[in-house]
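Each step along the sequence shown adds one to the number in this note's numbering, with nothing skipped, and position 20 is 20.
To be clear, the hints were calculated from the coordinates, so they are not data collected in a lab. You may find that some hints are simply not true.
[Said to hold, decoys possible] Mimicking SDA-like on lysine to any residue, the simulated pairs with C-alpha atoms at most 20 Å apart in a straight line are:
hint : residue 1 : residue 2
1    : 128       : 97
2    : 14        : 52
3    : 3         : 58
4    : 52        : 112
5    : 128       : 92
6    : 52        : 25
7    : 14        : 49
8    : 100       : 23
9    : 52        : 23
10   : 3         : 64
11   : 128       : 19
12   : 128       : 93
13   : 14        : 53
14   : 20        : 92
15   : 128       : 65
16   : 3         : 65
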Amino acid sequence: MEKAKETLSVALSKLPQETKEIQFGIHPNQEPDGMFSVVIHLDGPNLFTLNKAIEGHRYLFDVRFVDGKVEPDVPLFDPFDQPFSVNDAIVETVASWLEKIWDTIEREAECPPALIFGEDGWGERMPKRLS
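Work the whole structure out from these sequences, hints included.
See below:
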């Protein structure tokens, strides 16, 4: 959580003035196996320029295999035999975690509004606005 907070703080310090909204995208794998990424997307005019300004600080969390191990250590699932939607559960759980981070991070008074979304419509209560 601390690394994500540090990454977010740096990204917020680099926001272009043209940024209209900060979007936290939760991107589960296509196969619902438990792997996912959390990426900051900036909205406003000229998306390429906005997101280029925070390049290197866009990924708050990225679950990957490194040397045969899952990094960071998160539970994985059999993508074909679950009695619930793994990707919905990931998005809802990560959204709660992002809310906690957002509530504890220092932001400038003129910080643009923010929202959380689950890629491809994942998450039963998404998108969710942050205050």
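Structure-based check of each hint:
A threshold of 20 Å between alpha carbons decides the hint, and for residue 128 with residue 97 the separation of about 13 Å falls inside it, so the pair holds. Distance check on the hinted pair: residue 14 and residue 52 sit about 10 Å apart at the alpha-carbon level, within 20 Å; holds. A distance of roughly 12 Å separates the Cα atoms of residue 3 and residue 58; the hinted pair therefore holds under the 20 Å criterion. The suggested pairing of residue 52 with residue 112 holds, with an alpha-carbon distance near 17 Å, which does not exceed 20 Å.
Simply put, residue 128 and residue 92 have alpha-carbon atoms about 10 Å apart, close enough for the 20 Å limit, and the pair holds. Distance hint between residue 52 and residue 25 is fulfilled; the C-alpha atoms sit about 16 Å from each other, no more than 20 Å. For the given pair, residue 14 sits about 12 Å from residue 49 by alpha-carbon distance, which is consistent with the 20 Å threshold. Restraint check for residue 100 and residue 23: the C-alpha separation of about 15 Å stays at or below 20 Å, so the hint holds.
For the given pair, residue 52 sits about 15 Å from residue 23 by alpha-carbon distance, which is consistent with the 20 Å threshold. Proposed proximity of residue 3 and residue 64 is supported: the alpha carbons are some 16 Å apart, at most 20 Å. Taken as a hint, the residue 128 and residue 19 pair is honoured in the structure, with Cα atoms around 18 Å apart against an allowance of 20 Å. With a C-alpha separation of about 13 Å, the suggested pair residue 128 and residue 93 falls inside the 20 Å cut-off, and the hint holds.
A distance of roughly 6 Å separates the Cα atoms of residue 14 and residue 53; the hinted pair therefore holds under the 20 Å criterion. With a CA separation close to 24 Å, the supplied pair residue 20 and residue 92 exceeds the 20 Å bound. Between residue 128 and residue 65 the alpha-carbon distance is near 29 Å, which puts this suggested pair outside the 20 Å criterion. Simply put, residue 3 and residue 65 have alpha-carbon atoms about 19 Å apart, close enough for the 20 Å limit, and the pair holds.
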